[in-house]
Amino acid sequence: MITTQSKQLRATYGEALVELGEGNSHVVVVDADMAEGTMTGAFKKRFPERFFDVGVAEQNLMGVGAGLSLAGWIPFVNTFAWLLVLRAGDPLRTLVSYARTNVKVVAGYGGFSGPMDGATHQAIMDLAVVRALPHMTVVVASDHYQVRSLLPLIADLEGPVYLRLSRAEVVDVHDESIRFEIGKATPLRTGGEVTLISSGPILGRVLKAADRLGELGIPASVLEVHTLKPLDREAILAEVSSTRAVVTVEEHNIIGGLGSAVAELLVENLPVPMRRVGIQDRYGETGPYEELLDLYGMGIQDIVEAADEVLRRSGD
Amino acid sequence: MKPLVDVRSLQRLAWELRLDALQMVFGAKSGHIGGSFSAAELITTLYFYRARLDPQNPGWEDRDRIFVSKGHCAPIYYAALSRLGFFPHEELASFRQLGSRLQGHPDRLKLPGVEMSSGPLGLGASAAVGCALGLRLSKSPSRVYCLLGDGEVQEGIVWEAAMCAAKYGLGNLTFVLDYNRYQLSGAVDNVMPLEPLEQKWRDFGFAVRRIDGHSIEQIMKALDSDNLDQPALILALTVKGKGVTFMESSSAWHGRVPSQEEMAVAEEEIQGHLDRITSVHDGRKTVSASRERS
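Line by line, the protein sequences give chains A and B. Read in order, the letters of the first sequence correspond to residues 1 to 316 in my numbering. Read in order, the letters of the second sequence correspond to residues 1001 to 1294 in my numbering.
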């Protein structure tokens, strides 16, 4: 089922979690007074005995998740992204990442997607933190179809996973012919002269930028790296070796996220002209979501201009 | 595993564990003696008398789960695990050595018998609550125990976990608090007073039992008092560095390593305790070393 009407990604997560709970009796859900925000309320209603609310206590949220996993359950631990990686950072590191427990950390409000609450509620650094934690699998979901597809795979994957979601309203950018695999990048457009690498709901803008580039006579490849860790090195190197010009686009600080991961890979293996489109190491502010993305350098035109610029440099 | 129910055997074992721990820290020139010694009887009684475990099958589904949240007491913890048979006793000599399974703080992925990696204070309380929730959901007969330090309960997560345990009425959960009154930088009462500690735990919804944490009988009795729908806290009054006079009730011995001369004095004093128990033990012909707990 493809979602063509604009809908919040978290709403699909809430529905998909119930379906997962029906298919997998080991799935339990833990929340920290955010069931209305993370959309785990439907799971709570359907499986009250498998739902735990620890209140406004994010450290304990993470610890309880780790403990549940030791008792043989598959806990999905939910709250805002920044709280999971910062407030609950030590339990995340020690009890989940270091202890390698089977905890699924599901981060709501990724990037600017909690826009009206202001910079304190926007997660621009979460991926930098989790990417630096050994043992973690890090996934960034872009649309409804992907959330529904990936959730059962995440439940079946033994070990800690960080899944970044969004409150943003999105339409599906994938069609049902696409099969996702954790750890494998998904090529969405191929044969370009420049490679756009992205993940998350901002992928919709990336595809529009690719269209615009096409109109300007610059065919662009689009590679979706939904699994930030482990990074699909082979797919990225194979794609970039044909274009030799790269733009990464992420709803995150350009320090430590997708752009950094790709840059680290390329600088050691295939140095090519590259630009990182994303938040330029500054805090956001209150404002409408789409306008914030534009204001903070993640506009479609920003992507187009970055692609044009790296292409010029690659031709030198 | 057959539980050890003889008080004198357990007393003796606690002193043997102290000797092991002392030698480990002395050998590694690193580690925590004070908080190991205060917990000796608690760990001994919990592991050898009360808990249902199978060292031959560390992952046995119906085992009791023990979270040693005060992970810095690794020396005495490892000593207990080795004497239970989770790994060879000789391996204690590798404590804090490069490549050892006996890490500075416990690593559940490396060492059999370690339920959860610990060290950063407070986290074990939270994991124990989650585990107790999960076991109850599975209708498991297992109980969950969590050993906490007193400085440790200054951590906010402990109280987050406590609230949660009370909310869910976790009768399968027992916290054991090693109240030795000293933390790294000084007396708990000076660094950050906890009193009225018993009242705090009662107010947080726990059934509290205040005991002498060096009395095997009192620990046994407290551990045997089950609760139906309320988490329990055993407030164990202990002495930091218990057993070596110059180490007792001193924050200095939280993480200090004895010199060669201090080591000789400490070993002699602990050996003296062991000899006294043995001589009394030998005088009582009827005491059996070990029998099945009824």
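Don't take each hint at face value.
[Claimed, not checked] Now the in silico label distances, taken between C-beta atoms and shown as ranges:
no., chain 1, residue 1, chain 2, residue 2, range
1, A, 153, B, 1085, 35 to 43 Å
2, B, 1255, A, 119, 36 to 44 Å
3, A, 179, B, 1054, 38 to 46 Å
4, A, 285, B, 1186, 40 to 48 Å
5, A, 297, B, 1195, 37 to 45 Å
[To be verified] So, partial list: chain A residues that the calculated Cβ filter (under 10 Å) puts toward chain B:
no., residue
6, 30
7, 52
8, 54
9, 90
Bear in mind the hints are in silico, worked out from the structure with no lab data behind them. Each residue gets a CB set at the ideal place from its N, CA and C atoms; glycine is no exception.
Index of numbered hints that the structure contradicts, given in increasing order: 5
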